[in-house]
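Undergrad: Residue numbers (our numbering): 120 to 303.
The hints are simulated quantities; they were obtained by calculation from the structure and are not laboratory data. Among these hints, one or two may not hold up.
[Claimed, not checked] Across the chosen pairs, the derived CB separations fall in these ranges: (1) T254 to W155: 28 to 36 Å; (2) L121 to L187: 18 to 26 Å; (3) A233 to G208: 21 to 29 Å; (4) K268 to G183: 18 to 26 Å; (5) G186 to E289: 27 to 35 Å.
Where is the CB? At the ideal position from N, CA and C, for every residue including glycine.
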Amino acid sequence: MLPQLITRIPGPQSLALASELKQYECRNVTYTADDWPVFWQRADRANVWDVDGNCYLDLTSAFGVAGLGHGWSAEAMRAQSAILVHGMGDVHPTALKVDVCKQLSAMTFERWGAGIGKTTLSNSGFEAVETAMKTAFLATGKSGVLSFKNAYHGLGYGALLGGGFEKFREPFEDQLAPVRDVLD
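Can you build the whole structure from these sequences, using the hints too?
TA: In structure tokens form, the structure reads like this:
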């Protein structure tokens, strides 16, 4: 379905929800402004609808969670939850974890001729960013982060260090590593 806009963006209901959210949520979590955010209500395949009824083409993949579109996974989730809702990752993993790590090694390290490679699975984007930063520090022995203005990598400490939004990083500057460069 092609996008269909029926109100200004963001619409009146999104603006009202943003105003209400600002009263209850820490200011450093959801960015709000006069023109942001749009509050999502539902999604199907490649489309997302906001609370005002505007239809968008989802080019975000919901931070990658819906890389194949929305709604396709409902039946698979139902079937899996009837068997096991959640393994405990690093405490009581499932066989699927072994399969995923093996496949990732085969698609990367082994394909590049480097033999079996180690994998770190992450729960979120910022956790993946922090793992990548730790790996870079260990591999190079160098400290410091090169960052780009308006770059967003999440709200964890390491991700904040690499992020280019002063609004998110500034309250924690004294606790973050001092070596950093921000490029426009």
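Undergrad: So which of the earlier hints does this model not fit?
TA: none
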